[in-house]
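Engineer: What follows is each chain in one-letter form.
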Amino acid sequence: MDDTRDAELGMREAAVPSPVVPSRIGPARLRRLHAMDRGFRWLTGGLAFLVLLLLVGVALSLFLRGWEAFHHFGFAFFWSEAWDPVTENFGALVPIYGTLVSSLIAMLIAVPISFGIALFISELAPEWLRQPVGSAIELLAGIPSIIFGMWGLFVFAPVLGSAEPWLNDHLGALRGIGALFRGPPMGIGMLTAGIILAVMVIPFISAIMRDVFLVVPAMLKESAYGLGATTWEVARHVVLPYTRTAVVGGVFLGLGRALGETMAVTFVIGNAHDLHISLLDAGNSIAAALANEFAEAFSPMYKSALMALGFILFIITFVVLVLAKLMLWRLGQGQGKAGL
Amino acid sequence: MSTAMNVRYLRRRFWNIFNLGMAVAMTLFGLFWLVWILWTTLSYGATALNLELFTGDTPAPGSIGGLRNAFVGSLLMIGVAVLIGTPVGILAGTYLAEFAQGSRLAGVTRFFNDILLSAPSIVIGLFIYAVVVVPIGNFSGFAGALSLAILLLPVVLRTTDEMLGMVPGTMREAALALGAPHWKMIVQVSYRAARSGILTGVLLAVARISGETAPLLFTALNNQFFSMNLDKPIANVPVVIFQFAMSPYPEWQHLAWAGALIAAMAVLVLGLVSRFLIKDRSPR
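Chains as they are written, first to last, in this note's numbering: chain A, 1 to 340; chain B, 1001 to 1284.
No lab work stands behind these hints: they were computed from the structure. Every residue gets a Cβ at the ideal spot worked out from N, C-alpha and C, and that includes glycine. Please note that the accuracy of each hint is not assured.
Now the stretches of chain A that chain B is said to cover, found in silico as 3 or more residues with beta-carbon under 8 Å [said to hold, decoys possible]:
#1 43-54
#2 238-246
#3 279-292
Anything over 10 Å on all C-beta distances counts as not near chain A; from chain B, calculated [said to hold, decoys possible]:
#4 Asn1006
#5 Arg1013
#6 Leu1038
#7 Thr1055
#8 Gly1056
#9 Gly1066
#10 Gly1079
#11 Ile1136
#12 Asn1138
#13 Met1228
#14 Glu1251
#15 Val1267
Okay, chain B solo, but in the shape it has when bound (with noise of 0.2 Å):
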């Protein structure tokens, strides 16, 4: 009898043991792709990072030259999408944290801003082609801008909600029974209280833009030279990347991987500034 219970205690012992070294196994099979995907960009990304990828434009196949437009492009288009997304992100998280709080259409579009947060992007990409590019009549860099805007909002609205509905109540009423009507109590009072946490928000959500390509191939497409008017089509690094990556030439391909480096270092940097940010918020 006790060896019965020594073997079933042996072999609990020994499932916990395997199990959880599975555990630790794959905790470092994560991390491997990790390293893996940012050693092959920065290997590739270096040796081909020189002054002229920010002082030339995209050159024909055969002949050097650098990215200055698509940098560029991707800059202003950002720009543009953070001006639209971020108004509209910010007043519509306001909505849901301060006026509707707990109702049911509150619920719901938080519910529904959630699925646009994971919808797919080329769905949206393909959505501003069909209203804003087709009835222009040309591809533009404001409708890839418009495209970008519309993913950053549902992040930006997120975080707004989530910041303001941690800003204590108490304060909000110190403002109101100081007689400050409602709109002014959110703006001086709410706001203050959550600027880092709706700045961290802006962050992220331009770091999920920056590296994102899907959506401006059937909207901002792509110019070989250099441009600032977003009434036509304009360069892009994301699309520049996935033309010259999937040429034959070499030197395109040096370009799209010096362009993938800086890219990844972008949103990583920004990834970084975000998490100082929360991590700055969260003692208290």
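Just chain A, with the same shape it has in the complex (with noise of 0.2 Å):
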């Protein structure tokens, strides 16, 4: 390809026939060129301004068709835990917490176990692993949620129900935190949503850790082994404090993912509008609710409290996403910096 790339370019310059070119290109063909190399600037330029428009759109929008009931609602919109179409009395308490529990939960289970797969594919594994071991768990990002929803609802779910049992007796009997773990053993609910979220999310998080990884310098770490570190000690004293920011980030990208996540959860959270300390009763999230509830919504109100949770989901993410990128971008920069 680059060949016959490069005997295109030759014959065109062969077939430029000396100075005497001015000649041929007169001045208004010359303006008409100059006039689409303007045009061509311009249109590809206004459409990238559309991506900063398409953000500020969506904003707007949800804001918008959210405003009348923020408005009728006011502040104790966001700490009301009522949801009652009936009546129309609406809070948003609900699918917040567990949009909210349910990714921390995802988080709590997802980093360390990303923190593992980004290990093993940058330091341990043989270079003939690392490619297929890091495609494999990519395959897995790229799984339509859904299939993740039904996958979690016929299959894990059973399985998870079978095991709460267990959970309430053991774990439930714990002071403290044992209000978490007591409840019916039905697979539905918070934890489950929360499990098949860090299944979600690993892919991702692991993806960028072991990107970051592998930017550290293999000085830095040479140096470390010269001193008689062991790989654990590396990863742990050189790598980890290298990537640290760029870590944060990438964990921080997942859980803009988990908080987002709609089939998934909607599948196995259960879809309950009532606020349970315990992890395995069923609960919602701003997500499911919206997959749920939107196509019943006929009045106005109703409809307006989905727009209203919309809302309040992109502005969650928004500050989550723009934080990661803030992270990974800091790395970037002094990579650049260290590159140079």
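Assembling the complex is the task here: the two chains are given apart, and the hints tell you how they should meet.
Structural biologist: Printed below as a string of structure tokens:
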């Protein structure tokens, strides 16, 4: 392919008949070419600007459609646990709580596992194994989320449900955190949603961790090995400190995914608008509430309350993603300077 | 003293082996989920596969049928989304890589494009509902395609930007030195050099939107019957899977698994093809 391109460029060069060229291109044609240049620049620039407009548009349209609910319920909307379509009394506390807690469970599980996977791929695995293992984990990221949901509902929930009596008896008996694990052993609820979210975000977080681990200069690691450090000590005291911000950035990127994930959660969280301390009880998340109820919401206030939920979700994920990008960007900056 | 040193050495050795062993265990654990989920989809889906799947439309509860209308609807919407999103994404990516390289506006646009890339798809669906479905007054396949286009756009933009960034500047200069106008240089030199990379981006984006369910719930909705009219609600694979899987009817659940298997296969094949394209480029 390179050869043909070279040949073509060469041919074009040969076809240019020395300095007489300007006479062939009259001023009118030159102007037209120039206008097309400017037009192309404006077209592409305008479309790039469209991306910014889209993001503003999303925030603005959701806020305006949710305004009725925000205005009617005031700030109480954020901490009211009411959700009654009949009396049109709505509050966002239960879905917000569910979104945050299920994502938190997901992070508690996914971060150590992702770290292990990234460590394995970047430091331990023999060369021939890195690519296949990395690709396999990335395949997990490509599976449509609705399949995670179906698998969660039909396969994983019964398995977890059969383990939950054990959780009830053992972890539930503990003082303090015990309340989290006492509940109906149905296999449906916040814990199930959190575990499935964890499986979904592991590929994202581990891929980012692996990529940032690979930018650690070999010299730094070799120096530590030269001083007699073990592989674990190099990972813990050289690789991790060097990439700390970017690792946290990757975790936040995964968190952003988990917060907004809809289908997988909708299948297994139980869709109950009640506040429970137990993780085994059914709950709700913003995305699941939207997916389940939007089509049935006929009164304007109901719709507006759901739109307001959507706006809240957008703002939460926006903040998390901005933090993630800023942290990842900082490693890029440092790396850029070190690389030069 | 030497025993103290020994204890210390043994402790360090123990933690090294223990933690590295954990890393291996974690990797196996991650792969275990992948195998479990793929196996579930395959075993449930394969039993539901038959020819009727592609010739029959979504049935009423209790009767048999297929997913023909859903496949057609999904393909139509993905096609329209690609037609809308790809040119916009490529041109916007061109601006970042060719005209605004290193400028502040390009940096800001890249930043917010990445945010749009990771924004929850359900929020994009709500957005299209608010600005397209409500003003028009009904759900439509076109609205569904538009929401998919918005999900596709940032992926294409980002890969185009990255791939054009890898085209050596000397090739551009060679074209410009021959008197080629800027736009011609971009179209005939930069695009050609980055072609397979940009194509990879489009494939990845299609893989991403083809399993996307959440935004279609508020835009394309669903249609029990065969339809190719994008002005009206249209059947599509993800929403049909969602409705059928949540239903109490075994026939519907079987169809949902068959649909899930085909959707997963499509996404995996697209992923493998794009991976192959990337690999094809990397040695150079």
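Engineer: If a hint holds in the structure, say so; if it doesn't, say that too.
Structural biologist: Comparing the hints with the structure gives:
1. As drawn, the region 43-54 of chain A meets chain B at 10 residues by the rule of a beta-carbon pair under 8 Å; at three or more, the given contact holds.
2. Figure legend: the region 238-246 of chain A, annotated as covered by chain B; annotation inconsistent (0 residues with Cβ-Cβ distances under 8 Å, at least 3 required).
3. With 3 residues carrying a beta carbon less than 8 Å from a beta carbon of chain B, the region 279-292 of chain A meets the three-residue requirement, and the given coverage holds.
4. Here Asn1006(B) stays apart from chain A, with its beta-carbon at least about 15 Å from theirs, past the 10 Å limit.
5. With a cut of 10 Å on Cβ distances, Arg1013(B) falls inside the contact zone with chain A, its closest approach being about 7 Å.
6. Not every CB of chain A lies more than 10 Å from the CB of Leu1038(B), the least distance being 8 Å, so the non-interface label is violated.
7. The non-interface label for Thr1055(B) is consistent with chain A: the shortest C-beta to C-beta separation is roughly 24 Å, beyond 10 Å.
8. Even its closest Cβ contact with chain A, about 21 Å, leaves Gly1056(B) beyond 10 Å, as expected for a residue assigned away from the interface.
9. Separation of Gly1066(B) from chain A is adequate, the least Cβ-Cβ distance of about 19 Å exceeding the 10 Å criterion.
10. Remark: the non-interface label on Gly1079(B) is consistent with the geometry, its nearest Cβ contact in chain A lying 18 Å away (cut-off 10 Å).
11. At roughly 14 Å from the closest C-beta of chain A, the C-beta of Ile1136(B) stays outside 10 Å, upholding its exclusion from the interface.
12. Every Cβ of chain A is farther than 10 Å from the Cβ of Asn1138(B); the closest lies at roughly 13 Å, confirming the non-interface assignment.
13. Distance to chain A confirms Met1228(B) as a non-interface residue, since its nearest Cβ pair spans about 23 Å, more than 10 Å.
14. Here Glu1251(B) stays apart from chain A, with its beta-carbon at least about 15 Å from theirs, past the 10 Å limit.
15. Under the 10 Å C-beta cut-off, the non-interface status given to Val1267(B) relative to chain A is violated; the minimum distance is some 5 Å.
Checked against the numbered hints above, the structure violates hints 2, 5, 6 and 15; every other hint is satisfied.
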